[in-house]
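Chains as they are written, first to last, in our numbering: chain B, 120 to 232; chain Y, 13 to 125.
Misleading hints may appear alongside valid ones.
As the list claims (entries may be wrong) - The list that follows gives simulated cross-link-like pairs (lysine-lysine, DSSO-like), each with its CA atoms no further than 27 Å apart:
1) B:K128 / Y:K83
2) Y:K68 / B:K176
3) Y:K17 / B:K176
4) Y:K112 / Y:K80
To be verified - Restraint-style ranges between C-beta atoms, simulated for each label pair:
5) Y:A53 / B:G147: 22 to 28 Å
6) Y:P125 / B:E172: 46 to 52 Å
7) Y:N79 / B:S157: 37 to 43 Å
8) Y:N79 / B:R137: 45 to 51 Å
9) Y:K80 / B:T232: 43 to 49 Å
10) Y:N124 / B:K176: 40 to 46 Å
11) B:T134 / Y:N79: 42 to 48 Å
12) B:T134 / Y:V90: 45 to 51 Å
13) B:H192 / Y:T38: 44 to 50 Å
14) B:G147 / Y:E70: 25 to 31 Å
15) B:T126 / Y:S120: 23 to 29 Å
16) B:R141 / Y:S81: 40 to 46 Å
Keep in mind that the hints were calculated from the coordinates and are not lab data.
Backbone N, C-alpha and C define an ideal beta-carbon position, used for all residues, glycine too.
For reference, the chains in residue letters:
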Amino acid sequence: DSGVTQTPKHLITATGQRVTLRCSPRSGDLSVYWYQQSLDQGLQFLIHYYNGEERAKGNILERFSAQQFPDLHSELNLSSLELGDSALYFCASSGQGSGSPLHFGNGTRLTVT
Amino acid sequence: DQQVKQNSPSLSVQEGRISILNCDYTNSMFDYFLWYKKYPAEGPTFLISISSIKDKNEDGRFTVFLNKSAKHLSLHIVPSQPGDSAVYFCAARYAGNNRKLIWGLGTSLAVNP
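The following block holds chain Y by itself, in its conformation from the complex:
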């Protein structure tokens, strides 16, 4: 049972345009959401996060939006660059001491020059 779902396995966008990666979750006990980027042969790299008490967090070209009522979050990359081509993972963290993360299966983003 996937508690964190990334329904699009892949996404292709043109350089300079906006990339929107989506993530849905089912558990109301998540208190933190994170996005990671992964290049081949490397470990995932932290990109941006958002607390459940916020609805938006921005860091340069990356913005994460959280819609708690819909249990949905999205990562916007503007403008997209070829170097952004990677697999993007959404992760949700349980509130509490162990801070266990539940991961989506990832979305492979290809930014075409």
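Okay, chain B solo, but in the shape it has when bound:
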């Protein structure tokens, strides 16, 4: 158990809809990262938050947004969903040390029909 909790585990929705994925980081971790893993792709970095502030953006579409709340949990919002958004979405958290590895949740599998 990594200590990172993601909900829901599975999500099935239709094109054009909007969904929210939720992540609770490990206790004490201030950094939260979101990744997307599609069928033929590796892990694609989406966005990084540190203590409520956005730190880095990766290949995140404008239809997607995220935030980290004062209690450090994070939400990833995906809107105007397209079939190609179907993927596994992982959240990870890390501590502050320079060598701190990422600890991943078990992901949310999103299926857009």
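Let chain B serve as the given structure and place chain Y on it in line with the hints.
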């Protein structure tokens, strides 16, 4: 453009033998390299890492070697066990504040009894 490449999508070894997973990178700005293991339906789990100032790091059955001049790293698992069967991801971290990770596409290791 893949900055981190795992050229072998899959690898099969016999239980008790050595497993060698390879990873090549192109960017000299990476300062840390990490290996993660992923079982189906779970998030990636941190395995072992190495700083760019070292050439070897060992943790039990797992050893990572880094050849900076060749921009190549490898993960050795000795002896391999059936429970090691998983997808192994190589990741490289950019030096600097955002510590963004770039991931390879993974190598699926099968350890046969």
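Each hint tested on the structure:
1. B:K128 / Y:K83: violated (37 Å)
2. Y:K68 / B:K176: violated (31 Å)
3. Y:K17 / B:K176: Holds, at about 22 Å.
4. Y:K112 / Y:K80: holds (19 Å)
5. Y:A53 / B:G147: 22 to 28 Å: Distance hint for Y:A53, B:G147 holds at roughly 26 Å.
6. Y:P125 / B:E172: 46 to 52 Å: holds (49 Å)
7. Y:N79 / B:S157: 37 to 43 Å: violated (31 Å)
8. Y:N79 / B:R137: 45 to 51 Å: holds (47 Å)
9. Y:K80 / B:T232: 43 to 49 Å: The hint (43 to 49 Å, Cβ to Cβ) holds, given that Y:K80 and B:T232 are roughly 47 Å apart.
10. Y:N124 / B:K176: 40 to 46 Å: holds (42 Å)
11. B:T134 / Y:N79: 42 to 48 Å: The hint (42 to 48 Å, Cβ to Cβ) holds, given that B:T134 and Y:N79 are roughly 47 Å apart.
12. B:T134 / Y:V90: 45 to 51 Å: Check passed, 49 Å falls within 45 to 51 Å.
13. B:H192 / Y:T38: 44 to 50 Å: Cβ of B:H192 to Cβ of Y:T38: about 36 Å, so the range 44 to 50 Å is violated.
14. B:G147 / Y:E70: 25 to 31 Å: holds (28 Å)
15. B:T126 / Y:S120: 23 to 29 Å: Holds - the Cβ-Cβ distance for B:T126 and Y:S120, about 28 Å, lies within 23 to 29 Å.
16. B:R141 / Y:S81: 40 to 46 Å: Check passed, 45 Å falls within 40 to 46 Å.
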